[in-house]
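4 protein chains.
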Amino acid sequence: MDQILKEIQALALPLIGQGKVADYIPALAKVSAKQFGIAIYSNKGELFTIGDATTNFSIQSISKVFSLTLSMKHFGAGMWDKVGREPSGQPFNSLVQLEYEAGVPRNPFINAGALVVSDMNQSRFVSPHYAMKTFIRRLSGNQEVQSDHKVANSEYEFRSRNAAMAYLMKSFDNFDNDVEEVLRSYFSNCAIRMSCVDLAKAFSFLANKGYCRHSDEQVLTEQETKQVNALMATSGLYDEAGNFAYRVGLPGKSGVGGGIVAIVPDQFSVCVWSPELNKAGNSLAGMAALETLSQKIGWSVF
Amino acid sequence: MDQILKEIQALALPLIGQGKVADYIPALAKVSAKQFGIAIYSNKGELFTIGDATTNFSIQSISKVFSLTLSMKHFGAGMWDKVGREPSGQPFNSLVQLEYEAGVPRNPFINAGALVVSDMNQSRFVSPHYAMKTFIRRLSGNQEVQSDHKVANSEYEFRSRNAAMAYLMKSFDNFDNDVEEVLRSYFSNCAIRMSCVDLAKAFSFLANKGYCRHSDEQVLTEQETKQVNALMATSGLYDEAGNFAYRVGLPGKSGVGGGIVAIVPDQFSVCVWSPELNKAGNSLAGMAALETLSQKIGWSVF
Amino acid sequence: MDQILKEIQALALPLIGQGKVADYIPALAKVSAKQFGIAIYSNKGELFTIGDATTNFSIQSISKVFSLTLSMKHFGAGMWDKVGREPSGQPFNSLVQLEYEAGVPRNPFINAGALVVSDMNQSRFVSPHYAMKTFIRRLSGNQEVQSDHKVANSEYEFRSRNAAMAYLMKSFDNFDNDVEEVLRSYFSNCAIRMSCVDLAKAFSFLANKGYCRHSDEQVLTEQETKQVNALMATSGLYDEAGNFAYRVGLPGKSGVGGGIVAIVPDQFSVCVWSPELNKAGNSLAGMAALETLSQKIGWSVF
Amino acid sequence: MDQILKEIQALALPLIGQGKVADYIPALAKVSAKQFGIAIYSNKGELFTIGDATTNFSIQSISKVFSLTLSMKHFGAGMWDKVGREPSGQPFNSLVQLEYEAGVPRNPFINAGALVVSDMNQSRFVSPHYAMKTFIRRLSGNQEVQSDHKVANSEYEFRSRNAAMAYLMKSFDNFDNDVEEVLRSYFSNCAIRMSCVDLAKAFSFLANKGYCRHSDEQVLTEQETKQVNALMATSGLYDEAGNFAYRVGLPGKSGVGGGIVAIVPDQFSVCVWSPELNKAGNSLAGMAALETLSQKIGWSVF
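Chains as they are written, first to last, in numbering that gives the first Met the number 0: chain G, 0 to 301; chain X, 0 to 301; chain Y, 0 to 301; chain B, 0 to 301.
Hints listed in this document are in silico derivations from the structure and should not be mistaken for laboratory results. There's no promise every hint is true.
Repeated chains share a single entry, so a pair holds when one copy, or any two copies, can fit it.
[As the list claims (entries may be wrong)] DSS-like mimics (lysine-lysine), calculated; alpha carbons at most 30 Å apart, straight line:
#: 1; residue 1: 29; residue 2: 5
#: 2; residue 1: 72; residue 2: 295
#: 3; residue 1: 208; residue 2: 33
#: 4; residue 1: 43; residue 2: 208
#: 5; residue 1: 132; residue 2: 208
#: 6; residue 1: 149; residue 2: 19
#: 7; residue 1: 29; residue 2: 132
#: 8; residue 1: 149; residue 2: 295
#: 9; residue 1: 295; residue 2: 43
#: 10; residue 1: 132; residue 2: 19
#: 11; residue 1: 149; residue 2: 29
#: 12; residue 1: 33; residue 2: 278
#: 13; residue 1: 295; residue 2: 208
#: 14; residue 1: 19; residue 2: 295
#: 15; residue 1: 278; residue 2: 29
#: 16; residue 1: 43; residue 2: 19
Next comes chain G alone, as it looks inside the complex (with noise of 0.2 Å):
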């Protein structure tokens, strides 16, 4: 494994500098792009890792997944009837499928559907950032996991885009709390900081049939574990989904700090993580280095 990982890294580190780094906010614009890690974490808690694994990036989306897990584990199968789960087939922020789906998002990883997720769990929480920051440490036994307030804050500032959307499944009435609340606690789940060697372990659950071994603790059912990683393979990076599953072959979700994280089912987790990213918002290194490990062990899927 050490092996394919230096050729990986051999492969991928000449690709950095045709991405782009991810600059909405100031405070993510300001990230080094030379940055590059693979961490791979086995059900047997073997640990294989390379570059910059232990390095700290902003989570971004990938927190969906956490959201998702902490809803269905409170909510159970009722969730479905706020938010959907099929593929959106629109960039990931767009508010006219919407507007014509009647508030309810197509799934939990665009962003609407990720504010209805919060939403709901800040009708169970009384800290849903607490809460959320809890569970993580505990799925990726680090206690230092922190979340980075500027880029919080600096999201708020930007949200005008996120508030849209909110607004517009309030006036669905798929919406239940303050809107400015949500999205306070959305932005603050976003803005966690984990490392490749985090984020893998922390996604370990979702290669061992929903059993998290180092915190020894059933996190989910296996067939909920099942469904989680189904809904990471049909809509799990934003409008490339497709693509991923065409090339990589596995359940993965992606996040604008550059991280993209993959299961393999009874066998590995995975965290690849570069800054740059490509026109689909996904990292550009990380999609190429993620498809070359598939191909190299056979990890696909299908």
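Here the structure of chain G is known, so what remains is to put chains X, Y and B in place on it, guided by the hints.
Coordinates of chains X, Y and B only, in the frame set by chain G:
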């Protein structure tokens, strides 16, 4: 396996009566609703069946997988300039998205995408329908496979919406041949009649790394096989692909004739059939049967 | 004229009962349906009335003409960078078009456009609602004109859809001030209460080349006056502007309070009122009354 | 008037070179750009001209007014079940709106609406194009009016987008005849060649309460005349109708051949022509000429 199939049949039969046989053309509306069959074909050549597994039915959109396979063999990766690989996120025959995305359909399994694939095959073969029929006979090992001319003519008569899509793509320079000719070939392919057994055998190469054991033929490379499966997983069930992944967890393709084919990679190809459809246009009892089958045997790839 | 008004009233009264009083906020739903009034004010200062012509009602979207007039006075042609002059071709509060056209609303009479105009006025006046009230009092010659705080607060409480539009425009950098503040001003203006007589007098400058005879004031230039009338003619009646031009043939503006104002250039300003609305959101009896009035007197500008 | 026309010409000629001659079909692209003409025809029968007022050009979408007039004569108000009377708010050939509004086009002046009107005329006349030509010859008093077969054939060859619209409406059961036949008639009507003088005379009935003085014929009733003018005022200039009302203030209809016809009710019919188009597809110099003309003489109906 035979015991499981009996249980599945017992669960699925009571659902007949809750769906609706496709009636957009008279020739399909006459099919008797009370039919149900399953065929499972293993990579070792074993065949398991129950119910009306040898009754022929109209394969309709399932033919889109054969068309795609033919075009992948002849055009390779170049074909992806003309058709995308992303889920569509809209009802399966919507023109809206096609217009906003400049005449390039989202994937080869929505009608617009299948028309582009048919247009490509029309450029390659003197008689694309004859090429298709020969190909399917070889894949299924059944030399008697025929197209139903009455159904094909009826589809042609009610071609307005498909014609609108083809002309729209032509207006964007993404359609090369005469619209009427391509529609004729397309409808002839949709009108092919096969049984569950035929389809399970014909799709077996997708479960077997591209190799078809009964025709002793490498139909696609191993990687291309994974790619076709990935496309089915993200886009194979109209606007219910996400739900199918969530509930069944297998690559699959459905048709309005009531058939659904699914692939268990490295193990089985499966075909279920029952003519009544749910609201999304997929076999109602077929979906339930596949869901139970997948859960009982633990087939989900996720 | 008095005889004609009696005939119109006789024709219009039986229509009451066939429409529906606006009920999207409780404060408006309580208005008694059985009310009907007309006021006609001539450029010579003559006033003709019938029915409930001096009863106050919520002017709602009719206020958009006053807002536009204020912003034209202060921003001139520069304002057209932020809002268009084309009919919208969609229900009056659709976000779809706004998104496709990058946050620039089609015209100042759809909600999104009126919000942008309110945002401009917010930049110009310390208290835009006070400026508006003063302006309307002068134009109508009625110093008692007031806004109904209960209605304004109720509109604010149910602000979700308008808030979504404002935030969407802000995300496209086409909205400068705090969304909540602008919404407060906007709803206060909508909640202004006036009678048919007040409105006929307040709109008289649009029939009189921009001159308001009772305040002895040139409100707009002659050309600006024609421009406001042109905008009302193409976009003044939500998604029924074409039908209004076809049936009535006059520039006009309606509100969900049941009022409709129309301009007979160089001759009269007219206000009809009856609270029940048709499906397009315009006063049902009011439309019929204006249509008959226009045809009987030959008022159509076409 | 002659003096004013000279001034207008002096202002308009320098604009030639800033627009773009229609080039979507080769036959139109060859027209020399440096042409400009105006013809004004009064209700008293006076004719004022300047520039290339007797040069024939392709009337294109201006023919839609003749088609509409023919169908109003033969179908009366019944025709409005198949086509609406509202501005479209979209580029003139968009399919999106057509799909969302179930195949009923917004008005008779967008392409989809004109196709439905052509379909109605196809149901009524043995040879709709012959009926149209005869009608136009009578209205213009010019027995030499002809259609350019080369242009008509070229339009037919590049018919894809119009064919897509026609088939889409057929799929919604709002199109009765064979698509190809109706397209042939439609393009033959668009390809009719007339001069500014011909068009000013042919449109004179719309300025004269429906009466055509040179053929001594009541073409439409007075009310129908106002209705056609109202439709032109709200929908006659593609996606620039609002701007035309704002700047010119007259009912008008343009064509991609560079002609624009306008009506000064009870006084004049006007035709301006210059082949170069602005971004909205309307004659650039023609728009400027009409705007100045209208302002200098005070023609705006508003």
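Outcome of the hint check:
| no. | hint | in the structure |
| --- | --- | --- |
| 1 | 29 with 5 | within (28 Å within a copy, 62 Å between copies) |
| 2 | 72 with 295 | between (35 Å within a copy, 23 Å between copies) |
| 3 | 208 with 33 | neither (35 Å within a copy, 38 Å between copies) |
| 4 | 43 with 208 | both (13 Å within a copy, 28 Å between copies) |
| 5 | 132 with 208 | within (23 Å within a copy, 43 Å between copies) |
| 6 | 149 with 19 | within (21 Å within a copy, 51 Å between copies) |
| 7 | 29 with 132 | within (24 Å within a copy, 48 Å between copies) |
| 8 | 149 with 295 | neither (40 Å within a copy, 49 Å between copies) |
| 9 | 295 with 43 | both (21 Å within a copy, 26 Å between copies) |
| 10 | 132 with 19 | within (29 Å within a copy, 48 Å between copies) |
| 11 | 149 with 29 | within (12 Å within a copy, 48 Å between copies) |
| 12 | 33 with 278 | within (18 Å within a copy, 44 Å between copies) |
| 13 | 295 with 208 | both (24 Å within a copy, 16 Å between copies) |
| 14 | 19 with 295 | within (27 Å within a copy, 46 Å between copies) |
| 15 | 278 with 29 | within (19 Å within a copy, 40 Å between copies) |
| 16 | 43 with 19 | neither (36 Å within a copy, 49 Å between copies) |
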